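With the hints as a guide, bring both chains together as one complex.
Line by line, the protein sequences give chains A and S. Be aware that the first sequence starts at 1, since it is given in the working numbering, and climbs by one per residue. Be aware that the second sequence starts at 1, since it is given in the working numbering, and climbs by one per residue.
No wet-lab data here; the hints were simulated from the structure. None of these values were measured; they are calculated from a predicted model. Wrong hints could be hidden among the right ones.
[As the list claims (entries may be wrong)] For each label pair, taking beta carbons as the anchor points, the in silico distance ranges come out as:
| # | chain 1 | residue 1 | chain 2 | residue 2 | range |
| --- | --- | --- | --- | --- | --- |
| 1 | A | L140 | S | S81 | 22 to 28 Å |
| 2 | A | A138 | S | T103 | 30 to 36 Å |
| 3 | A | N3 | S | P5 | 37 to 43 Å |
| 4 | A | W95 | S | R124 | 19 to 25 Å |
[Said to hold, decoys possible] Stretch-level coverage of chain S by chain A, calculated; a stretch enters the list once three of its residues show a Cβ under 8 Å from a Cβ in chain A:
| # | stretch |
| --- | --- |
| 5 | 2-14 |
| 6 | 17-24 |
| 7 | 119-128 |
[Stated by the list, open to error] What the simulated footprint calls covered on chain A by chain S, stretch by stretch (three residues with Cβ under 8 Å from a Cβ of chain S suffice, anywhere in the stretch; the number is not a length):
| # | stretch |
| --- | --- |
| 8 | 81-87 |
| 9 | 120-127 |
For glycine and all other residues, C-beta sits at the position ideal for the given N, C-alpha and C.
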Amino acid sequence: MMNIANAQLWVHDQDEALKYWTEKVGFEVRSDVTVPEMGDFRWLTVSPPGQPDVAIVLMAIPGPPMIDAATDEQLRDLLGKGLAGTVFLTTEDCWRDYREMSERGVEFVGEPEEQLYGVDVGFRDPSGNNVRLSQLNAELGR
Amino acid sequence: MPVPPSRHLLRAKDLADARYADPLTVADLAAAARLSPAHFSREFRRAFGESPHQYLLTRRLERAASLLRSTDWSVARICVSVGLSSVGSFTASFGRMFTMPPTAYRAAHPPAAQVALVPACVVRAWGRPQVRTFREDAARGETVDWVQPATGGSTTTREIEGAPA
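Chain S extracted, bound-state conformation (with noise of 0.2 Å):
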């Protein structure tokens, strides 16, 4: 049987997940899938619901939460360590998606696995960012990413410690 169409898609999205601390491009990404990139960015979206845009940016975010969660890395050394250039933007980024800056997030957030022994593959899946805007979209035009918080409790990875460990 031939490999599922979506496999090569996967690539692009595990390349990002393992190089978001590079350079990387939507260009790049469309070459571990093998398409050009603009039916690269089409069909990424269709598979996985976003753009690879949007999931390399959240990729990134979900690192820098992770780095304030589990480190005492300033967040200049935080927004250069997953891969984003300025400060500022990582800053309006984080806050948009986390509902709060950076340095409250840190605050409010001591590490998951003083609670539970989560892998890092649940907490890379689990801890991207709930809140999903996108200001780089509506300013393209398209439609902005919006998904309303979670209510009723929090979502940070000690809320699941049920999860496949």
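Chain A with its partners taken away, still in its complex shape (with noise of 0.2 Å):
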């Protein structure tokens, strides 16, 4: 059986990510790993404290030689424009949440929505990522 264990998202700045992920949206750090030998290529991943065997894996862009200057410019644009990743969050009470994470600094796009399935928002972390945080009516099954 196969299950979903980490899926990535870029991110311009690690050590500005990791704060924003774990300070103002809550999450837990899963693994900080740095490997000098590897140029010191840092594997950072962070979860919410109540699902620790899925993680969003904070990946820094890394240029040359692995990503050419070119390709790595276009990236970091892409990232920037909001258009290179989304995480869909669920959670039991979205204006609870998105209260809390607004006192704590998370820039959100709007407030809460209802929508016909329950209700939802969305906000971005430093780099432009999107993320959207949705509760779901009951009879969805979450």
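See the structure below:
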């Protein structure tokens, strides 16, 4: 049987991303390992407190020689435009999370809105990654 | 590493998406991006392929289309609720971009949620007008954006059940 273990987001700065995802969003660090023999490659993963077995990899854009300079620039541009990835989160109380996370400085895009399937709102991380936070109606199972 | 420059432009885009119902101006969007209005409009168009004015108008029309699909509100109420003040202009803009009047659009598009559970952000992205013409731009001598309507099928959200949900 297969399981999803990690999914990756590009970030422009891992230190800033780590601070944001832990201190503002409220996630926990699952792994933070730097490998000197691999050019100080840093494997950095975070996930919600109640979900230790699935994590988001906060991956630095490696730049040359792993990615050529032109592609590196394109990737940074796409990241800044918010087109490099999206994470869909669910919660049992969207408004509560919205209020608590707003107080901690999470950059929400608008207020929670009623949808046909529940209540949801979007926010971004410092790099521009899009995150959707949805509270699904009971009949949808979560 | 520094924040990518386009990240500041994204703040303006997000502001248009979040506060389309308010009397937003291009100057408000420029302030969100921390750029002067003239420089901002150029940079926004370079990054996203349309002017801030066009982006805001198409967001408003996309929201109006969504309300037509999911509510029984009058066209006038929908017009005001998406930040537009003239029902005549709204109906004309809507007709140009969705190729039919608001009432006909409502009749032709029952809510997508009856068919598939599509997240709101996906609906917003994919529900934006596929056909875009801007008489305002033509009047100013700018290039008119014109995207040929998709052939071979409708572009309603019911067609995108395979979208990242």
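- Task: Mind checking the hinted window 19 to 25 Å against the Cβ distance between W95(A) and R124(S)?
- Result: With a Cβ separation near 20 Å, W95(A) and R124(S) satisfy 19 to 25 Å, so the hint holds.
- Message: Tell me whether the statement that chain A covers the stretch 17-24 of chain S is true, taking a Cβ distance below 8 Å and needing three residues at minimum.
- Response: Our answer is that it holds, as 3 residues pass the Cβ test (under 8 Å) against chain A, meeting three.
- Take the C-beta atom of A138(A) and the C-beta atom of T103(S), compute their distance, and say whether it sits inside 30 to 36 Å. 34 Å, holds
- Are at least 3 residues of the stretch 81-87 of chain A within less than 8 Å of chain S when you compare beta carbons? holds (count 3)
- Message: Verify this for me: three or more residues of the stretch 119-128 of chain S with a beta carbon less than 8 Å from a beta carbon of chain A.
- Response: n = 3 at 8 Å, threshold three: holds.
- Item | Range hint compliance [Cβ, N3(A) to P5(S), 37 to 43 Å] | 38 Å, holds
- Message: Against the range 22 to 28 Å, how does the distance between the Cβ atoms of L140(A) and S81(S) compare: consistent or not?
- Response: Holds, at about 27 Å.
- Message: Three residues or more, CB to CB closer than 8 Å: is that satisfied between the stretch 2-14 of chain S and chain A?
- Response: holds (count 11)
- Task: Quick one: see if chain S covers the stretch 120-127 of chain A, three-plus residues with Cβ-Cβ under 8 Å.
- Result: It holds, with 5 qualifying residues against the three required.
The earlier numbered hints are all upheld by this structure, with none contradicted.
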